[in-house]
Amino acid sequence: MISALGRRTLALVEAAGRWGFFVTDLGRALSDVGTWSRLLAGQMRRIGVDSLPVAMFIAAFTGVVLALQASYTFTGAVPMYFVGTLVGKTMMLELGPVLAGLALAGRVGATMAAELGTMKVTEQVDALETLAYDPQSYLVLPRVLAATLMFPVIVALSILVGICTGWLTSLVLLHLSTPEFIKGLKIFYRFKDTWFGLFKSATFGGTIALVGCRVGLSTYGGAEGVGRSTTRAVVYSAVLILVLDAFWAVVLL
Amino acid sequence: MIEFRDLHKAFGPKPVLTGLTLTVKDRETMVIIGYSGTGKSVALKHVVGLLHPDAGDVIVDGRAVSTLDRPGLTALRRDIGYVFQFAALFDSMTVADNVALGLRRRGLGEEEIADRVREALALVDLTGTDERMPAELSGGMRKRVGIARAIALRPKYILYDEPTTGLDPVTAAVMDRLMVRTREHLGVTGVVVTHDLRSAYTVGDRIAMLYEGRIRQVATVSEIQATEDPVVRQFIEGRAA
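Residue numbers (my numbering), protein chains in the order written: chain B, 11 to 263; chain L, 66 to 306.
Everything labelled a hint here was simulated from the structure, so no lab data went into it. C-beta atoms are modelled at their ideal positions from N, C-alpha and C, and glycine is treated no differently. Be aware that one or more of the hints could be misleading.
To be verified - Here are some of the chain B residues that sit facing chain L, going by a computed Cβ distance under 10 Å:
# : residue
1 : Thr-45
2 : Ser-47
3 : Arg-48
4 : Thr-132
5 : Gln-134
6 : Asp-144
Assemble the whole structure, with the sequences as input and the hints as a guide.
What follows is the structure, encoded as structure tokens:
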């Protein structure tokens with residue numbers, strides 16, 4: 011029992027140490043601007059543009075559901091223009107960043123883990139090293155930076171789409187007027203609502219990419235190993251997004 | 066000159082290298098032979114710092130590899146071309162981009178890169194394959210692209226990890242000819258890891274047999290062929306124990 015506990019503790023410390031080295035190496039790779047800057051735009055397009063359809067789809071339906079649920083809750087008790095308040099606040103502060111983050115943990119995190127995992131088991135990462143490239147600056151840094159920069163853009167558009175579908179739902183199904191919806195939207199709005207959600211999404215993006223790359227680069231064991239890494243990257247990212255979400259709520263709200 | 070000095074490496078409880086000592090002289094091709102799983106590729110990876118030794122070291126032109134920091138390793142790797150067992154081509158890049166990648170790292174102009182890529186592909190008889198993807202190539206062609214990628218850098222040393230494994234006899238002979246041609250054209254020092262004896266006899270100046278983690282015998286091709294050492298004899302005759 012005690013030795014098992016000791017082993018687990020040691021494994022945990024070892025894992026923390028490996029993460030520490032990984033992040034330190036990443037910081038050091040920042041100085042290799044010539045390598046990562048050439049690859050950044052391509053990664054931004056892949057992570058940003060290619061992820062937009064999924065994120066927009068989720069946001070569109072979230073906006074509809076939020077408006078309908080708000081109306082269901084408020085009817086007879088709270089003025090209906092508060093539908094706008096609930097849709098706006100919830101999309102900006104919580105559901106926009108978190109739902110997009112969780113969806114993209116699946117899409118972006120899994121892709122990175124699978125891609126880098128395959129490169130690892132087929133010795134492409136070793137080949138890169140023998141060609142005098144640092145895998146951190148060639149593979150990891152462009153992905154982490156691109157995800158950190160593009161997630162706020164994706165989430166901003168998601169919030170916009172969610173609010174628009176919430177407004178359309180209010181108009182068509184709840185017979186609310188546009189001025190009423192906008193009144194609700196503006197009534198408790200603070201600039202912090204916007205930057206909080208976008209800042210949070212930037213940290214989600216960086217985390218998803220970090221986890222995807224780290225897990226991908228530690229892959230071993232052929233195709234089965236790549237499968238294992240992909241699953242692990244999605245699970246770790248999802249858990250970390252929820253933990254970070256709570257952390258930022260405690261620290262910043 | 067590459068010197069393996071009392072190199073030790075274990076993976077978990079399993080020792081792989083237990084005191085490997087070997088010197089590869091400039092401009093020679095040293096072939097390391099041995100049974101599968103005896104640590105031949107592991108030894109090779111220590112030369113470029115892909116693995117870190119538990120004890121001992123590899124010394125390349127006076128530089129102890131395990132003590133080098135990242136810039137030191139990068140400088141060392143600029144002198145060494147590495148041909149991987151399964152070629153390790155970047156599957157999202159064309160053949161030309163694969164060969165050019167290392168050259169871009171060296172900051173060469175695009176015109177010079179194009180010339181070097183053309184020259185390297187010609188040397189491995191793959192002219193005209195520039196725009197093909199690795200997935201469209203046969204195993205032998207992929208290995209030749211791997212060699213082109215290494216020689217395009219005009220390295221001082223080339224390390225070949227099982228260059229003929231998995232190839233038919235004719236393609237393997239083509240690979241052997243390529244390795245000999247590379248040495249003749251570029252004057253590079255080579256280390257070839259293989260268990261293909263025909264290849265070893267064709268390309269090697271000297272042959273070293275790795276057995277139980279250390280060098281059992283190192284000698285010229287003719288000396289190895291006439292060896293009295295029972296372990297080496299058994300290996301080169303391909304006799305079951």
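Open item on the list: Given B/Thr-45 as an interface hint, is its Cβ closer than 10 Å to any Cβ of chain L?
Closed with: Constraint on B/Thr-45 satisfied, holds at 8 Å.
Task: Satisfaction of the B/Asp-144 interface hint, Cβ to chain L closer than 10 Å - done: At 7 Å from the nearest chain L Cβ, B/Asp-144 passes the 10 Å test, so the hint holds.
Task: Hint status (Cβ of B/Arg-48 to nearest Cβ of chain L, threshold 10 Å) - done: holds (9 Å)
Task: Given hint B/Thr-132 near chain L, where the shortest CB pair must fall under 10 Å - done: holds (6 Å)
- [ ] For the hint on B/Ser-47, just tell me whether its beta-carbon gets within less than 10 Å of chain L.
- [x] B/Ser-47 check fails; min Cβ-Cβ to chain L is 13 Å, beyond 10 Å.
Open item on the list: Quick check on the hint: B/Gln-134 CB to chain L CB, less than 10 Å?
Closed with: holds (5 Å)
In this structure, only the earlier hint numbered 2 is contradicted, and the remaining ones agree with it.
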